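For the sequence shown, the UniProt record's numbering begins at 1 and goes up steadily by one.
What the hints contain is simulated information worked out from the structure, not anything from laboratory work. Values in this document were obtained by computation on a predicted structure and should not be read as measured data. Note that beta-carbon positions come from the ideal geometry of N, C-alpha and C, so glycine has one too. A few of these clues could be false.
As the list claims (entries may be wrong) - Pairwise CB distance ranges, derived in the manner of DEER restraints: (1) Gly226 - His126: 16 to 26 Å; (2) Leu175 - Met1: 38 to 48 Å; (3) Gly160 - Ala85: 41 to 51 Å; (4) Arg80 - Leu129: 20 to 30 Å.
What the hints assert, rightly or not - In silico lysine to aspartate or glutamate, EDC-like type, Cα no more than 20 Å apart, as pairs: (5) Lys164 - Asp118; (6) Lys2 - Glu148; (7) Lys2 - Glu92; (8) Lys164 - Glu148.
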Amino acid sequence: MKSLFVAGTATDVGKTALSAALVVALRRRGVDAGWFKPVGTGRIAPDVEVVRAATGLDDAVELMCPFLFGPPLSPHLAARLEGRAFLWDGVERAWRELLRRHDLLVVEGAGGLAVPLDEGGSLVVHIPLRLGLEAILVGRAGLGTINETLLSAQFAAAQGLTLKAVVLNGGRGELCEADNVLQIGRLTALETLGPVPHVEEGTTSGAFFDAVEAVLFPSRLREWFGLGRRPSERSFQP
């Protein structure tokens with residue numbers, strides 16, 4: 001089994017809801033999956049609680065998100081304003097402890113891949129690179145997503161990050177959404193899935209998790225997380 005990084009094309013594209021849905025899908029299949037967000041800013045604490053409530057995870061908030069800064073800003077600026085620092089050894093300690101507790105982790109980024117983590121050149125893209133993870137890229141389903149998703153995919157490739165797929169999230173039935181899936185797949189040469197239906201910020205539901213599973217199919221979970229044969233089912237139902 002292997003962990004997976006959930007990257008975003010920008011902030012507020014639904015990484016947390018999709019990450020929680022991946023954890024739920026894995027746990028439904030008997031995989032002890034955990035959730036890890038190395039750094040967050042602003043209102044991330046409620047996001048952690050949403051994930052904990054949706055998935056049944058009981059890891060400490062300080063493990064699930066070891067670097068949590070109050071101001072809703074880029075991590076480098078939020079840390080500076082609080083007189084604190086983002087430290088890689090803190091990320092790696094939490095990562096190792098969570099892996100000791102779980103079979104694998106769904107690791108969520110903060111904002112887009114080029115967001116600065118500190119003032120020494122560390123970017124969000126360096127999280128999966130340092131942890132040795134492949135990634136999926138989450139983008140918006142609607143108008144404007146082709147440009148930002150294509151640029152994010154190109155940046156990931158330039159940095160050496162392997163993308164397994166693109167998932168378009170937050171579908172609202174707009175006319176362009178189905179074509180966005182086709183065009184992004186054509187322009188990036190990556191499997192592009194979706195659109196996953198819109199879910200209100202800070203909420204998740206069994207219906208949303210079912211919708212995500214319908215988009216991803218069990219075969220993709222097995223491929224992305226290296227599950228091999230299908231794990232035995234458990235009765236976990238959020």
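Out of the numbered hints, which ones does the structure contradict? 3, 5 and 6
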